[in-house]
Amino acid sequence: MSKRWHGLALLVRDAVEHGTRAVEKVHLELAGRTFTVLEHIPPVDAPARVVHKVHDAYVGTVYTAIRTVNQVVGATLDVALSERNDRE
Amino acid sequence: MGKKLELAIAILNGVVGDHLARTGNGLATDMAFVRDGRPVADVGSDERVAVLVHGLMCTEDIWRLPDGGDYGASLQADFGYAPLYVRYNSGRSIESNGRALATLLSELVAAHPRREILLVGYSMGGLIVRSACHLASLEEQAWLPLVKRAFYLATPHRGAPMERAGRVVSALLARVPDPTVELIAQLAELRSAGIKNLGDSRHPIAMLPSIRHYLIAGSLRNEPFLTELFGDTMVPVSSGTDGYRAGPRALPPSHVKVLAGLSHMDIAHHPDVYRQIHEWLEEDR
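Going line by line, the protein sequences match chains F and A. Reminder that position 82 of the first sequence reads as 82 in the numbering used here, one-by-one numbering, no gaps. All you need for the numbering used here is the position in the second sequence, starting with 1, plus 88.
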């Protein structure tokens, strides 16, 4: 049974990892379309480029943070499950 | 609770079982003979055994008849075959599971001398039986000459149209140049190798001439057009009969039966199906 709990934890971790990567890609592409339009309009083109870069960096940081927390929680859960298994 | 959990894990294996196996996930089911939901430690010394292989996203519980019996128990009572129920990860490719079944049968004959192995495959299980036999013939495995008969119940020998439709939808979605649609296409592509294999329109492996093959297909209606198109709702009659109706085949006509009024799920546990199996075995004694 313990093997299955470990498996479930791993599956959730995989789902969050792959899910955030896929959603991050969509997020950046959709936002990129809007920024590309703004970057072609002379009065706002320069600030739009700056905001675009800041936005992408911020988005990347947020998704990386989600994945890091996911990995830490997954690793903690693995340890907790192993300890519980040892005690039983 | 136990059976529900086992079924939930079987469904999970069917959907993403290849990923689970690839990543060494503890939820991946290893192929084994099972009894009362647990792997069988001792396969026994019976000389004649019936090996039953379930279908996609199932457990061996699919064989249970409404009265509590199953084909395996009836085969034992009527013909003396000791039943062995296989459980496996139905999300892996049919070839991988065929290899695993061939290994399991090799271990079965290595454990004790056997006189006969009867194979019964339901749905995807029938394709796995074919794949295992093919591999055993290439490698001259010791168990293959012991197989005299194989029964294929609702087996999509020529593929399942639902998976083919899934392939088309998935391919169309992938062509749309929109990130959101691409994401949906990626989700659609997540289905397992086992499911994708079911879309193959022709099983690449011929039926071995050394075995007597018996095919049962279901049809919900007697109306010919709807029967050809939908069959038992999952497998069209032309696929369940391996194209038998399309022209002269290697199989004798008496080895192919279409049972009217049975859905795909019914075929794994219906008295009419066992009656047909019984009749064939009686004729072939």
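FYI, nobody ran anything at the bench for these hints, they're computed from the structure. All residues carry an ideal CB built from backbone N, CA and C; glycine is no exception. Heads up, some of the hints might be wrong.
To be verified - Capping the alpha-carbon separation at 30 Å, the derived lysine-lysine pairs in DSSO-like fashion look like this:
hint	chain 1	residue 1	chain 2	residue 2
1	F	Lys3	A	Lys92
2	A	Lys345	A	Lys284
3	F	Lys3	A	Lys345
4	F	Lys25	A	Lys92
5	A	Lys92	A	Lys236
6	A	Lys236	A	Lys345
7	F	Lys53	F	Lys25
8	A	Lys236	F	Lys3
9	A	Lys91	A	Lys284
What the hints assert, rightly or not - Computed, partial: chain F to chain A, Cβ under 10 Å:
hint	residue
10	Arg4
11	Val16
12	Thr20
13	Ala22
Original post:
Is the straight-line distance between the alpha-carbon of Lys92(A) and that of Lys236(A) 30 Å or less?
Top reply: violated (35 Å)
Subject >> Cut-off 10 Å, beta-carbon criterion: hint that Ala22(F) touches chain A >> reply: Holds, about 6 Å.
**OP:** For the pair we were handed, Lys3(F) and Lys345(A), check the Cα-Cα distance against 30 Å.
**Re:** violated (43 Å)
**OP:** Decide if the proposed pair is consistent with the structure: Lys345(A) and Lys284(A), CA atoms, cutoff 30 Å inclusive.
**Re:** With a Cα-Cα distance of about 27 Å, the restraint between Lys345(A) and Lys284(A) holds, given a limit of 30 Å.
Original post:
Lys91(A) and Lys284(A): Cα distance at most 30 Å?
Top reply: Given that 30 Å is the threshold and the Cα spacing comes to 27 Å, the pair holds.
Subject >> Satisfaction of the Val16(F) interface hint, Cβ to chain A closer than 10 Å >> reply: Violated, because the Cβ-Cβ distance from Val16(F) to chain A comes to roughly 14 Å (cut-off 10 Å).
Original post:
Can the restraint linking Lys3(F) and Lys92(A) be considered satisfied, given a maximum Cα separation of 30 Å?
Top reply: With Cα atoms ~18 Å apart, Lys3(F) and Lys92(A) stay inside 30 Å; holds.
Subject >> chain A contact restraint for Arg4(F) - C-beta distance below 10 Å >> reply: holds (5 Å)
Original post:
Given the hint that Lys53(F) pairs with Lys25(F), does the C-alpha gap stay at or below 30 Å?
Top reply: holds (15 Å)
**OP:** Decide if the proposed pair is consistent with the structure: Lys25(F) and Lys92(A), CA atoms, cutoff 30 Å inclusive.
**Re:** violated (37 Å)
Subject >> Restraint check, 10 Å cut-off on beta carbons, for Thr20(F) near chain A >> reply: violated (12 Å)
Subject >> Hinted pair Lys236(A) and Lys3(F), Cα distance within 30 Å >> reply: Violated: Lys236(A) and Lys3(F) sit about 39 Å apart, past 30 Å.
Checked against the numbered hints listed earlier, the structure breaks hints 3, 4, 5, 8, 11 and 12; every other hint is satisfied.
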